[in-house]
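S.K.: Heads up, the final residue of the sequence shown is numbered 342 in our numbering, and it's a clean run with no missing numbers.
You may find that some hints are simply not true.
Unchecked claim - What follows is a set of in silico ranges between Cβ atoms, one per label pair, in the way DEER data are often shown: (1) P59 to A260: 32 to 40 Å; (2) R109 to Y310: 40 to 48 Å; (3) L88 to S60: 47 to 55 Å; (4) L151 to Q15: 17 to 25 Å; (5) L252 to L184: 45 to 53 Å; (6) L252 to P38: 23 to 31 Å; (7) S60 to R271: 29 to 37 Å; (8) A321 to A34: 32 to 40 Å.
If you are wondering where the hints come from, they were derived from the structure by calculation, not from laboratory data. Owing to the predicted nature of the structure, the values given are computational and were not obtained by experimental measurement. Each residue gets a CB set at the ideal place from its N, CA and C atoms; glycine is no exception.
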Amino acid sequence: MCADPGAAVMAVESQRRLWRLTLGVGLTVALSAALSWPLAHLAPVLAAKFLIEVRQPGPSTPVQLLAGGLATVGIALVVSFGPTQYPLVFLPLLAGLMLWSYYLLPDPRWSVFATLLLIASLLLPYMGIQHPGLTLAIAAGLVASSVVAVLVFALMHLLIPVRTAQAPRPAALPSSSERVDEALRALMLAFPLVCFFYLVQVNDALLIMIFVAILSLQASGIKSVQLSRFLLLTNAAGGALAVGVYQLLTILPQLWFYVALVALVTLALARKMVAEPAKEPIFAGVLTALLVVVGSSAASAGSEVLSSFYFRLLQILMVGAYMVFISYFLESRSRSRLREPG
1 MCADPGAAVM
11 AVESQRRLWR
21 LTLGVGLTVA
31 LSAALSWPLA
41 HLAPVLAAKF
51 LIEVRQPGPS
61 TPVQLLAGGL
71 ATVGIALVVS
81 FGPTQYPLVF
91 LPLLAGLMLW
101 SYYLLPDPRW
111 SVFATLLLIA
121 SLLLPYMGIQ
131 HPGLTLAIAA
141 GLVASSVVAV
151 LVFALMHLLI
161 PVRTAQAPRP
171 AALPSSSERV
181 DEALRALMLA
191 FPLVCFFYLV
201 QVNDALLIMI
211 FVAILSLQAS
221 GIKSVQLSRF
231 LLLTNAAGGA
241 LAVGVYQLLT
251 ILPQLWFYVA
261 LVALVTLALA
271 RKMVAEPAKE
281 PIFAGVLTAL
291 LVVVGSSAAS
301 AGSEVLSSFY
311 FRLLQILMVG
321 AYMVFISYFL
331 ESRSRSRLRE
341 PG
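Put together the whole structure using the sequences plus the hints.
M.R.: As structure tokens, then:
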């Protein structure tokens with residue numbers, strides 16, 4: 001006889017959530033690798049984010065997806081008119097879109113839309129500068145990845161549903177001032193790096209823009225002041241895990257092995273999330289780093305695979321080092337203000 005029925009119910013739901021994440025990421029990796037549309041490697045990252053952070057689909061999910069798709073197409077059309085050639089006009093507009101995305105993110109009614117809006121805001125203008133003719137194709141790829149991620153998210157909840165008695169209670173939404181503070185912190189973390197890549201026009205920085213978008217979204221939800229520790233752990237562990245997975249893939253470069261290996265790693269990280277809920281953002285960040293690096297490298301072809309993997313890994317580590325430094329600086333300033341008398 002169970003002494004604590006509530007704990008037993010939560011344990012069952014944790015196991016169901018674990019399998020939703022594992023099977024969902026595995027299915028999305030298989031689809032993205034097999035179909036290989038533009039930005040296909042972004043679909044597993046989005047699917048993992050939705051399965052971890054959005055505990056249950058609701059009526060607003062398709063509305064958010066539609067709004068995100070329309071926003072993506074709208075940004076692509078605006079970029080095609082050339083505002084990226086005027087940094088003094090474009091960069092403040094970009095900062096406003098990023099800030100709005102960060103502000104909306106904690107609200108479950110808008111979290112999917114906020115994710116898609118931020119990624120579109122960063123990727124499409126960058127592609128408009130580097131490859132003006134590919135902006136609409138990249139927008140279509142981003143919309144396709146978003147649709148696949150949301151469909152897999154919905155399918156996993158259809159196959160392994162959250163039972164009514166086990167449905168998690170919605171967390172209390174932070175106050176407007178708290179959401180503004182978190183949004184400003186995330187903007188200060190990511191925007192200087194974004195400005196650098198836009199103004200210097202660094203080539204082949206698409207992966208960096210994707211990683212900045214995902215990492216800053218995750219960082220905006222970290223309530224602990226130890227943001228630098230979170231970024232350091234996720235980048236170091238994610239990079240090391242990506243190297244291990246990639247080396248195994250070089251031994252047996254088959255689609256089924258790639259899918260099985262990623263699913264196995266996802267299962268291991270999901271078990272850690274269930275066992276240590278307080279450290280869930282760290283394990284989610286590790287999974288994100290793994291999916292971004294390995295997925296984008298798997299999309300390369302022929303002799304470029306080896307060099308592209310380590311080049312992408314170096315990009316991720318450099319971005320991570322920058323974000324660790326900036327977050328440590330922001331934390332130090334915050335602690336100094338707290339120590340000031342009066």
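S.K.: Going back to the hint list, which numbers does this structure go against?
M.R.: 3
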